[in-house]
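*Asks:* Each chain, written out:
Protein chains: 2
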Amino acid sequence: MDYVDRIVKVARNNSYILSSLNTAVKNKVLLSMAKAIRENKSFIMRENKKDISKAEHKKMKKSFIDRLALSDKRIEEMARCLEDIANLTDPVGEVISGWRRPNGLFINKVRVPLGVILIIYEARPNVTSDCVGLCFKSGNVCILRGGSSSIDSNLAIAKVLKKAASKEGLGFEPFFVVEHMDYSVIDKLLKKKDYIDLVIPRGGEKLIRSVTEKSLIPVIKHYKGVCHIFVDEYADIQKAVKICVNAKVQRPSVCNAVETIIVHKRIARKFLLLLKKEFDRYTVKIKGDKETRKILPSVSLAKTTDWYTEYLDLIVSIRIVSDIEEAIQHINYYGSHHTESIITENINHATKFVNEVDSACCFVNISTRFSDGNQFGLGAEIGISTDKLHARGPMGLKDLTTYKYIVYGNGQIRE
Amino acid sequence: MDYVDRIVKVARNNSYILSSLNTAVKNKVLLSMAKAIRENKSFIMRENKKDISKAEHKKMKKSFIDRLALSDKRIEEMARCLEDIANLTDPVGEVISGWRRPNGLFINKVRVPLGVILIIYEARPNVTSDCVGLCFKSGNVCILRGGSSSIDSNLAIAKVLKKAASKEGLGFEPFFVVEHMDYSVIDKLLKKKDYIDLVIPRGGEKLIRSVTEKSLIPVIKHYKGVCHIFVDEYADIQKAVKICVNAKVQRPSVCNAVETIIVHKRIARKFLLLLKKEFDRYTVKIKGDKETRKILPSVSLAKTTDWYTEYLDLIVSIRIVSDIEEAIQHINYYGSHHTESIITENINHATKFVNEVDSACCFVNISTRFSDGNQFGLGAEIGISTDKLHARGPMGLKDLTTYKYIVYGNGQIRE
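These protein sequence lines are chains B and S, in that order.
Sequential numbering of the first sequence, starting at 1, is according to the numbering used here.
Sequential numbering of the second sequence, starting at 1001, is according to the numbering used here.
Chain B extracted, bound-state conformation (with noise of 0.2 Å):
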């Protein structure tokens, strides 16, 4: 049998036995895993640094490699986060409603795993252990294909969390890490819509876009996090140049960092002014519209290209508007659905906002950068989606679930 076909076939088999394990059970596996990562440091160091000589032979740029490198802490981070995972409330089994019908039916709405979850993502070593224990946790079997540049260090921390689980007594290979690198694997993957439920891409716009247009499975992901600021006529200015900075100098290269910030004409030059001083501190890059421009004449003008741009970068582009509902339409027009905040001390101005900007998280006076399941308090976080079907926004262990109609008689028959 071909090794794709093989690879599904076993995982759908497996998902069915995985699906019945009882919490209990799962956490002891999570926890044993955590334990051999710490036991194995040194193992999987020393299999990581291949794949740092590789890159470092490819001449690849350091923050590459920088993203590829495990340290004492990032292993440590790995085993922390599988004991979260076991610490987290496992969502297999809950009732998510439920009611007696009046011929007697007692119907349930029951919270099931999804099956077999294929992730797709790139270099990060530690995203392979993350997401072996949330879909272990979630009763999935995982199919994971992590970049070419990783395939040591990822193999590495596969074999110690096997390992450990089959110490535990598991007697089946509860995920799959693919060995083969080439992309025809990947496109044979994304076609067994009978043995996969769910694809989540990892990564770039570019491998995302390519997932998804191969894909016949249900893909979750976002492109990107084009996020707005909006600074109302009401804001507060003292806050609102506080959160703009945080939101775009905190962590500039992830996908919930500000890159437009809209403001009110009213309020325009006095936060400008403020802004640009600070945001000058930390060198941020400001392209701004013809109205900026008046206020702010050194900075370079913003093109309509500006405005879809996600930057991941101490880029920011600037745009003043006449109004809200300008604004609004701005953000739902160039924006990513993902994130965006208003910043206003005016309840009905937050109200309109919240209610007409159709993005996954809308936000009153707070930093984009809280757009994260974390922060949430959802727990450790698979993504982030801008899809509106299944799942939107940060996604937690629930978010790897589907649910039955468990329905219960004594005999009912239709009339």
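By construction, these hints were calculated from the structure, which means they are not laboratory data.
Virtual Cβ for every residue (Gly too), placed ideally from N, Cα, C.
Treat the hints with care, as some may be off.
Now the stretches of chain S that chain B is said to cover, found in silico as 3 or more residues with beta-carbon under 8 Å [stated by the list, open to error]: (1) 1105 to 1115; (2) 1346 to 1359; (3) 1364 to 1370; (4) 1387 to 1399; (5) 1403 to 1413.
Could you slot chain S onto chain B? The hints should help.
*Replies:* Using the frame of chain B, we list chain S on its own:
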């Protein structure tokens, strides 16, 4: 601008207006639509006659013309369905969950409309008004592409409904009926992923497969309903016979009718002799496996293809198994993951069955015919899903929504 481009752009725009319409206004419009359907009965009937003439001219089957033809009763049902929808709880605005974080963030997960829904369906013209009602109440603009054989009826119904909406002061088109019947229009619509949020195909398996393969937009569907009843060794035989007869005979042409009956060998002889007698009364044709034919020598032999077949007719396949495991394996392997029922008085077998069968609806001691939104008490049904993402099983109003996270703070930033 091209026909499809125009429709989808206006639809997306109108979806922003519709999404914030309040419930009282929506209900008023729905009641006014119901009234208009009754008042314009003769107009609708006249237009429907045109479709019927065309179908007769084309020598379509009687059953086809039956589905197409509107009667006083069917028009009254259309009006009543709109009134029923007006009476259902509005799903939009429900706070699904909400909590406060240690740093003071107040998180609300709030139900909102999906946006724009494309529904592709076949002959029945009443689907037009039912879908308009369900989508409108859930705050979604729908684009309806009905069968070409019912185009005059559909346009007449749409005209009546739009006029009623406009009379109630609705200043925008709340839905669209595709008037151009060439298939290239469907193909184009299925690529408009930035304007359409969900596609629901309703009809035969061929239509649904074609839509699913072409669509870049998420699709919710069921291909077919190969529903099973497992008559366990601990079944109450009287109950089992009554339920199997109801599930096969009461309405054999629908997706929740039973297609395969699986019988435990220990109860097989006694049960099958009784069942055969009942099925003979209703002229149900039986196809049995080898073991079945030892008990019922007159029935024909079931082939492997029979286990995959949705007969939609007075035909049933029967298999005898050695234990419950074999029954569950058969269902998960050959079934369509739609609806299955176990007949047993043994609580452990019931529990095992509902836990291990991988279907949208897992029943105990009732007819598979209960797999239906109305029977579940969800109100009118937009369809039944055998998908695992977003919605599974009978879909009500809530399944036509997504959610957004609305988060209130007071100047919080991330440290």
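*Asks:* Each hint: holds or not?
*Replies:* Verification of the supplied hints:
no., hint, verdict
1, 1105 to 1115, "holds (count 4)"
2, 1346 to 1359, "holds (count 6)"
3, 1364 to 1370, "holds (count 6)"
4, 1387 to 1399, "holds (count 7)"
5, 1403 to 1413, "holds (count 11)"
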